[in-house]
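> As you go down the protein sequences, you meet chains H and F in turn. First residue of the first sequence: 1, per our numbering; consecutive thereafter. First residue of the second sequence: 1, per our numbering; consecutive thereafter.
Any given hint could be a false lead.
As the list claims (entries may be wrong) - Computed Cβ-Cβ distance ranges for the label pairs, DEER-style:
| no. | chain 1 | residue 1 | chain 2 | residue 2 | range |
| --- | --- | --- | --- | --- | --- |
| 1 | H | Ala41 | F | Asp6 | 54 to 64 Å |
| 2 | F | Glu352 | H | Asp193 | 55 to 65 Å |
| 3 | F | Ser370 | H | Glu82 | 26 to 36 Å |
| 4 | F | Lys337 | H | Arg270 | 45 to 55 Å |
| 5 | F | Ala376 | H | Gln197 | 19 to 29 Å |
| 6 | H | Ala214 | F | Lys337 | 52 to 62 Å |
Said to hold, decoys possible - Not the full set, but computed from the structure, chain H residues with beta-carbon under 8 Å of chain F:
| no. | residue |
| --- | --- |
| 7 | Leu52 |
| 8 | Leu54 |
| 9 | Pro55 |
| 10 | Leu58 |
| 11 | Val60 |
| 12 | Met61 |
| 13 | Lys63 |
| 14 | Gly64 |
| 15 | Asn90 |
| 16 | Tyr100 |
| 17 | Phe118 |
| 18 | Ala449 |
| 19 | Gly450 |
| 20 | Ala454 |
Just so you know, the hints here were simulated from the structure itself, not pulled from any lab data. No residue lacks a Cβ here, since even glycine has one placed at the ideal position from N, Cα and C.
Okay, here's what each chain looks like letter by letter:
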Amino acid sequence: MSTKQKSLLVQGYEVVIGFETHAQLSTQSKIFSRAPTAFGAEPNTQACAVDLALPGTLPVMNKGAVERAIELGLAVGAHIAEQSIFARKNYFYPDLPKGYQISQFEIPVVQGGEVSFFVGDEKKTVRLVRAHLEEDAGKSLHEDFIGQSGIDLNRAGTPLLEIVTEPDIRSSDEAVAYAKELHKIVTWIGICDGNMQEGSFRCDANVSVRKPGAELGTRREIKNLNSFKFIQQAIDFEVRWQIEQIEDGHAIQQATVLFDPDTGETRSMRTKEDAADYRYFPDPDLPPLVIGRDWVARVQSEMTELPRVMAARFVTDYGLPEYDATTLTQSKAMAAYFEAAAKACGQAKLVSNWVMGEMSRRLNASEVGIENAPVSVAQLAAMIGRIADNTISNSAAKQVFDALWTEGGEVDAIIEAKGLKQMNDTGALEAIIDEVLAANPKNVEEFRAGNSKALNGLVGPIMKASKGKANPAQVNELLLKKLQA
Amino acid sequence: MTALHDMTVAALANELRAKKISAAEVAQHFLARSQADTSGAFLSFNPEATLAQAKEADAQLAAGTAGPLAGVPMAHKDIFVTTDFPTTAGSKMLEGYRSPFDATVVRKLGVQAGGAGMVNVGKLNCDEFAMGSSNENSAYKPVTNPWDTSRVPGGSSGGSSAAVAARLVPAATGTDTGGSIRQPASFCSITGIKPTYGRASRYGMIAYASSLDQAGPMARTAEDCALMLSAMCGPDLDRDSTSLDVPAENFARDLNASLDGLRIGIPKEFFGEGLAPGVRTAVDAALKEYEKLGAKLVPISLPRTELSIPVYYIIAPAEASSNLSRFDGVKFGHRTKDYTDLVSMYKRSRAEGFGEEVKRRIMTGAYVLSHGYYDAYYLQAQKIRRMISDDFQQAFQVCDVIAGPVAPTVAWKLGEKTHDPVANYLADIFTLPASLAGLPGMSVPAGFGEEGMPVGLQLIGNYFKEAQLLNAAHCLQQATDFHLRQPGGAK
Numbered sequence: 001m002s003t004k005q006k007s008l009l010v011q012g013y014e015v016v017i018g019f020e021t022h023a024q025l026s027t028q029s030k031i032f033s034r035a036p037t038a039f040g041a042e043p044n045t046q047a048c049a050v051d052l053a054l055p056g057t058l059p060v061m062n063k064g065a066v067e068r069a070i071e072l073g074l075a076v077g078a079h080i081a082e083q084s085i086f087a088r089k090n091y092f093y094p095d096l097p098k099g100y101q102i103s104q105f106e107i108p109v110v111q112g113g114e115v116s117f118f119v120g121d122e123k124k125t126v127r128l129v130r131a132h133l134e135e136d137a138g139k140s141l142h143e144d145f146i147g148q149s150g151i152d153l154n155r156a157g158t159p160l161l162e163i164v165t166e167p168d169i170r171s172s173d174e175a176v177a178y179a180k181e182l183h184k185i186v187t188w189i190g191i192c193d194g195n196m197q198e199g200s201f202r203c204d205a206n207v208s209v210r211k212p213g214a215e216l217g218t219r220r221e222i223k224n225l226n227s228f229k230f231i232q233q234a235i236d237f238e239v240r241w242q243i244e245q246i247e248d249g250h251a252i253q254q255a256t257v258l259f260d261p262d263t264g265e266t267r268s269m270r271t272k273e274d275a276a277d278y279r280y281f282p283d284p285d286l287p288p289l290v291i292g293r294d295w296v297a298r299v300q301s302e303m304t305e306l307p308r309v310m311a312a313r314f315v316t317d318y319g320l321p322e323y324d325a326t327t328l329t330q331s332k333a334m335a336a337y338f339e340a341a342a343k344a345c346g347q348a349k350l351v352s353n354w355v356m357g358e359m360s361r362r363l364n365a366s367e368v369g370i371e372n373a374p375v376s377v378a379q380l381a382a383m384i385g386r387i388a389d390n391t392i393s394n395s396a397a398k399q400v401f402d403a404l405w406t407e408g409g410e411v412d413a414i415i416e417a418k419g420l421k422q423m424n425d426t427g428a429l430e431a432i433i434d435e436v437l438a439a440n441p442k443n444v445e446e447f448r449a450g451n452s453k454a455l456n457g458l459v460g461p462i463m464k465a466s467k468g469k470a471n472p473a474q475v476n477e478l479l480l481k482k483l484q485a
Numbered sequence: 001m002t003a004l005h006d007m008t009v010a011a012l013a014n015e016l017r018a019k020k021i022s023a024a025e026v027a028q029h030f031l032a033r034s035q036a037d038t039s040g041a042f043l044s045f046n047p048e049a050t051l052a053q054a055k056e057a058d059a060q061l062a063a064g065t066a067g068p069l070a071g072v073p074m075a076h077k078d079i080f081v082t083t084d085f086p087t088t089a090g091s092k093m094l095e096g097y098r099s100p101f102d103a104t105v106v107r108k109l110g111v112q113a114g115g116a117g118m119v120n121v122g123k124l125n126c127d128e129f130a131m132g133s134s135n136e137n138s139a140y141k142p143v144t145n146p147w148d149t150s151r152v153p154g155g156s157s158g159g160s161s162a163a164v165a166a167r168l169v170p171a172a173t174g175t176d177t178g179g180s181i182r183q184p185a186s187f188c189s190i191t192g193i194k195p196t197y198g199r200a201s202r203y204g205m206i207a208y209a210s211s212l213d214q215a216g217p218m219a220r221t222a223e224d225c226a227l228m229l230s231a232m233c234g235p236d237l238d239r240d241s242t243s244l245d246v247p248a249e250n251f252a253r254d255l256n257a258s259l260d261g262l263r264i265g266i267p268k269e270f271f272g273e274g275l276a277p278g279v280r281t282a283v284d285a286a287l288k289e290y291e292k293l294g295a296k297l298v299p300i301s302l303p304r305t306e307l308s309i310p311v312y313y314i315i316a317p318a319e320a321s322s323n324l325s326r327f328d329g330v331k332f333g334h335r336t337k338d339y340t341d342l343v344s345m346y347k348r349s350r351a352e353g354f355g356e357e358v359k360r361r362i363m364t365g366a367y368v369l370s371h372g373y374y375d376a377y378y379l380q381a382q383k384i385r386r387m388i389s390d391d392f393q394q395a396f397q398v399c400d401v402i403a404g405p406v407a408p409t410v411a412w413k414l415g416e417k418t419h420d421p422v423a424n425y426l427a428d429i430f431t432l433p434a435s436l437a438g439l440p441g442m443s444v445p446a447g448f449g450e451e452g453m454p455v456g457l458q459l460i461g462n463y464f465k466e467a468q469l470l471n472a473a474h475c476l477q478q479a480t481d482f483h484l485r486q487p488g489g490a491k
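This is chain H alone, in the form it adopts within the complex:
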């Protein structure tokens, strides 16, 4: 929990949110069959006899799905159950071929854990209740058939990990930050491709409001939010709506609601009275899922370094500030890019500045991922090497970077071609400085009167006169010497 008590109240109400996220696991085949999980194939071409629930078929657990659940558990510091149970959730729907969904009910595979992240500069920790394995259903296609519905069972049996939080989230900002952090974790460890448009990572938000200190209010569950923007919009609308209802004297009814991105509103899908009795019971076709400690240890040993561990290492190994380390570990690709460049040129902080600064700006502007950046690790490292050895100034480096980005090429050749080499000739620089001092007597006077800011008014014209080639450190040094003489 946050230690600073920044008020998050909305019109005097506290917002309480719990999350259920369905992460589609990145296995090649389905959770209980050998059919492929590929997205976007022709309807019913990725479903085998087991997925169609043909008579006589039986489920067999995909070990890859279990390993991914173990990986998540380890990533969030949860307990991996030695024995967990698959249950049947019974209900009739045409896209549910068996007439029941195999899911974990009473004893899930991942128990507890937590996810921490920054909301602005404030650290927030959300406790997890559990994460359990289950199969996805197929899809009903209502558009393509007049007066009838089509069923596509390609998605039936796709492995899902449902990750459930405690109601620890207190605002839509926190909700989005949590969802982004969880998204980062699952994509970082590679258990989910994170593609929200294709439904690989979809969130349900349980939202309620209450007066501070009161009992938890009645919640409504917003289903299937598949973008961070929708999470924000849906929760904001829902909170306003609930407060309005309460203020108008209406009690909130427990309900499942859908968010309509076109109207920006949530609308009720079903209320608690319609809730089915799912007649859960342990699936007799699947023995308890037993996970030996050796299995957990093996998965752990094969796991990639977690973002929080990597960030801590960046602080220790490269002397980066925590902010830099956290920012650089927002994505695996960015972290890898940073580390490779830092190792190549030995200038970790400079690399960090360039990756978080110019590189990120250009990547965002052109909507390119760092793995496809036009400036390679070797090019950036070479350029930073030239900054470090005083060949070029930072401002000249910006021109080099731009050239690398737009035209490519070799760093030294660009410096040469553009004449960006720093002016290390003291005599020439002193001449420029003298000229500038003579032209700006007011600044000189102010500086001598004790206004140190007046120095900036002198550095700018000197750099300009040197066409950016002067070494700023050298300029500073010489300037001070002359002014204090």
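Position chain F relative to chain H; hints supplied.
What follows is chain F alone, placed relative to chain H:
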């Protein structure tokens, strides 16, 4: 030479291997007999497929690549899915259904590479979705008992027991959930064994109650059962998660082992008031035979025998109610012609497709699993189920096998219990405990009781002791001739 249909599986296999007869002519013979049958034992034939399988068996025999039972005819209970024949599970719901794959047991027994080489003559009648003990719940037709055609053959594997007893086929497959192999074997004077739960793959066996269903062979002799069971069992871990990772065995290896010193436990609860005197006399006589063979009778107690009825009739319907949800008219099986929306399609398809007993068990199962009743029924039943297993383990401290009657009575008249489901359920009392414990059990012909109808002796072994059970059964069959007697109905 003995008529082909009087020969055992073992004898036919020998003749075929010696090339004294061909699989094709054997298949023709049994196909003709089976197709002429009027007992209702068969639900479907596909002579072309049967003869093609026989031809394949002959080719394998000629090439020396044949399995151990190559060319021997048999028939599958219509609970096993088959590509060559329709599979209905005895239900209108699956009328005309054709599976795109073969059940593991079908594959292992058949002429496919690595299979035992047996030739499938057709699909055998059974109670709908294996629910019943008289075969009267078949949606297609009842089966008559070859020993008295006014009587039931038992169930749910009633087509299997009647066909083997009438020598339409030398052997058949059955499935046993609460006694569905042992009880019909008893009623028709043949031999049948249900192995340890998990020995035979359930893949392709249409599920009734997943935690209880087991496949097993039904034949005239213990030796034939041993030969078939050896082919049917073995791990199928890629297709059935409840399949045990225990290698297949040669269950015939100990058939002739001496019974000297064998301790046979006699549970006093199996010999109470409800036991028909004629059944008791036959069972007692069989036990005397065992004593003559050197075995020792040890009194034991299985105190929760009576509780096995409510426990079974909670757990099995609970699982069934869920297993049968896939029959909804959407993807396969019966869909009503007359519906207005999704819910009416579900309701009418299922109302039309399922029979009375199936509906009764679905309703019972849905009830015991429903919110507020789950703990009192399902959970309680699971607890008692564990105690029943523990009782057996206690008993096996002092005995090697357990013996008693298979059923309290001989086969009853067709229609006699149709309107009294509870009377039907009570008749399962002696077979349910071993099913609930997952133990191997078998029925061995032990003579005749009331009205001259057959009586079976039930033998129950500890886990994985099938070979020992078959040894005990084989020795009894060496000392008696009940298994060789022919029903009057068989020509």
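> Hint by hint, note whether the structure agrees.
How the hints compare with the structure:
Between alanine 41(H) and aspartate 6(F) the beta carbons are some 56 Å apart, a value that agrees with the proposed interval 54 to 64 Å. Remark: the range hint 55 to 65 Å for glutamate 352(F) to aspartate 193(H) is contradicted by a beta-carbon distance near 44 Å. Checked against the given bound of 26 to 36 Å, the beta carbons of serine 370(F) and glutamate 82(H), roughly 31 Å apart, stay inside it. Distance hint for lysine 337(F) and arginine 270(H): a CB-CB separation of about 30 Å, inconsistent with the stated range 45 to 55 Å.
Roughly 47 Å separates the CB atoms of alanine 376(F) and glutamine 197(H), a value that falls outside the hinted 19 to 29 Å. One distance hint, 52 to 62 Å for the beta-carbon pair alanine 214(H) and lysine 337(F), holds here, with the actual separation near 57 Å. With 8 Å as the threshold, the beta carbon of leucine 52(H) comes within range of chain F, its nearest partner Cβ sitting at about 6 Å, so the hint holds. Annotation: interface hint on leucine 54(H) holds; nearest CB of chain F at approximately 7 Å, less than 8 Å.
Given the 8 Å rule on beta carbons, the hint for proline 55(H) holds: about 5 Å separates it from the nearest Cβ of chain F. For the restraint placing leucine 58(H) at the interface with chain F, the shortest Cβ-Cβ distance is roughly 5 Å, inside the 8 Å limit, so the hint holds. Interface restraint check for valine 60(H): the shortest CB-CB distance to chain F comes to about 5 Å, inside 8 Å, so the restraint holds. Interface hint status for methionine 61(H): upheld, as the beta-carbon distance to the closest one in chain F is roughly 7 Å, under 8 Å.
For lysine 63(H), the shortest C-beta to C-beta distance to chain F is roughly 12 Å, which exceeds 8 Å, and the interface hint is violated. Taking 8 Å as the C-beta contact cut-off toward chain F, the hint placing glycine 64(H) at the interface is violated, the least distance being around 14 Å. Interface hint at asparagine 90(H): satisfied, since its Cβ lies 5 Å from the closest Cβ of chain F, which is below the 8 Å cut-off. Taking 8 Å as the C-beta contact cut-off toward chain F, the hint placing tyrosine 100(H) at the interface holds, the least distance being around 5 Å.
Hint on phenylalanine 118(H) is violated. Least Cβ distance to chain F is approximately 42 Å, over the 8 Å limit. The criterion of a C-beta within 8 Å of any C-beta in chain F is not met by alanine 449(H), whose closest approach is roughly 84 Å, and the hint is violated. For glycine 450(H), the shortest C-beta to C-beta distance to chain F is roughly 81 Å, which exceeds 8 Å, and the interface hint is violated. Among the interface hints, the one on alanine 454(H) is violated; its C-beta lies about 79 Å from the nearest C-beta in chain F, farther than the 8 Å criterion.
The structure is inconsistent with the numbered hints 2, 4, 5, 13, 14, 17, 18, 19, 20, although it conforms to all the rest.
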